[in-house]
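If you want the building blocks of each chain, they are given just below.
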Amino acid sequence: MTNTAFALLLIGCTLVTFIPRVIPFLVARNFTLSKPIEKWLSYLPVCIFTGLIVENLLQTNGSELGINWNVLIATIPTIFVAAFSKSLLTTVLFGIICMGIVRFIL
Amino acid sequence: MDGVRDCIPTLLGYISIGIAMGVVGISSGLTVLHVFLLAIFVYAGSAQFIICAMIASASPISAIIMTTFIVNLRHFLLSSALAPNFTQYSIWKNIGIGTLLTDESFGVAITKVLKKKPITDTWMNGLNITAYIVWIISCTLGAYLGGWVPNPSTFGLDYALTAMFIALLILQLQTIESSKFKHYLLLILLMVICMVIFSTFLSGSLSVIISTVVVATIGVVTDKS
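In the order they appear, the protein sequences are chains A and W.
Counting in the numbering used here, the first sequence runs from 1 upward without gaps.
Counting in the numbering used here, the second sequence runs from 1001 upward without gaps.
Mixed in with the good hints, there may be bad ones.
Claimed, not checked - With a straight-line Cα cutoff of 25 angstroms, these simulated DSS-like cross-link-like pairs (lysine-lysine) come out: (1) W:K1224 / A:K86; (2) A:K86 / W:K1112; (3) A:K39 / W:K1115; (4) W:K1180 / W:K1116.
Said to hold, decoys possible - Examples of chain A residues lying across from chain W (beta carbon under 8 angstroms, computed): (5) C47; (6) F49; (7) L72; (8) I76.
Derived by calculation from the structure, the hints in this document are not laboratory data.
Here the structure is a predicted model, which is why all the values come from computation and not from measurement.
Glycine residues also receive a C-beta, built at the ideal position from the N, C-alpha and C atoms.
Can you make the complete structure from the sequences, with help from the hints?
Structure representation (structure tokens):
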């Protein structure tokens, strides 16, 4: 990839990540949120994190949608560890080890 | 400094994914400098991986930029949920906080909000900037190691991100009042169903955005309180 091509790519990608991140911070200053919007926003975290987890559980083989069994097997104990430890670090460490073991065995 | 401390639990995720990102960048034909610049300016893990994959497959630049836009559009939702907590600060502080917002820093911040603890601009900056610096170092380190390290996924390191999302989801759920818990479980179930349906004909990242918009709306409509 030439330097000019990379520069164009970098500028484009920077703008399309910067703009969606910042606009809500500019808009929120000028509006007071109505109750339903406030509620809608409060549901976003749980929805997005569930979505991101499910995205990792699914895989496409050609045109067929399937389950990534390695990820599913590592995910179940990781959920329990997250619930009991209530710690990000413990969960991440456990998850990595769990996935390493799953990949080693299967 | 409290922000820096609250960032520490997420750092392992940034380090392992960052190193993986650097390794993948080099194997996609980028230089160490390219990887370094992507980390500084784009600063979004999933987007950087997709950029590398598309460069490796010689995709046109316009297609790469469009894909990056779609993959990162969920930040619009994250920022929308967090922004109302910072309206008392100046416009420049708000731009700064928004620019460095990630899935993880959002997760840590919104968990604190839900626990009804106050969050300040300095705390948020401590959290964001620590993550930013560690991410840049990790990506660059990965790029240097790139030539002679085996594929990081062999060791399960690529799972760090998913594990972090699981922890962040569970932490969210633990802040919810018990009367609303059933409602949330229903929404999670709906989210899984939507994801499976949309994923059959859309990309994973678009499915996340559309499912979230649909299910959060259902959440408001079915909210009885």
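Status of the hints after comparison with the structure:
1. W:K1224 / A:K86: This hinted pair is violated, its Cα atoms lying about 29 angstroms apart.
2. A:K86 / W:K1112: 13 angstroms, holds
3. A:K39 / W:K1115: 16 angstroms, holds
4. W:K1180 / W:K1116: Between K1180 of chain W and K1116 of chain W the Cα gap is close to 17 angstroms, so the pair holds against 25 angstroms.
5. C47: Since the shortest Cβ distance to chain W is 4 angstroms, the answer is holds.
6. F49: Cβ of F49 of chain A sits 4 angstroms from chain W, so the hint holds.
7. L72: 11 angstroms, violated
8. I76: With a minimum Cβ separation of about 10 angstroms from chain W (threshold 8 angstroms), the hint on I76 of chain A is violated.
Violation of the numbered hints given earlier is confined to hints 1, 7, 8; the remaining hints are satisfied by the structure.
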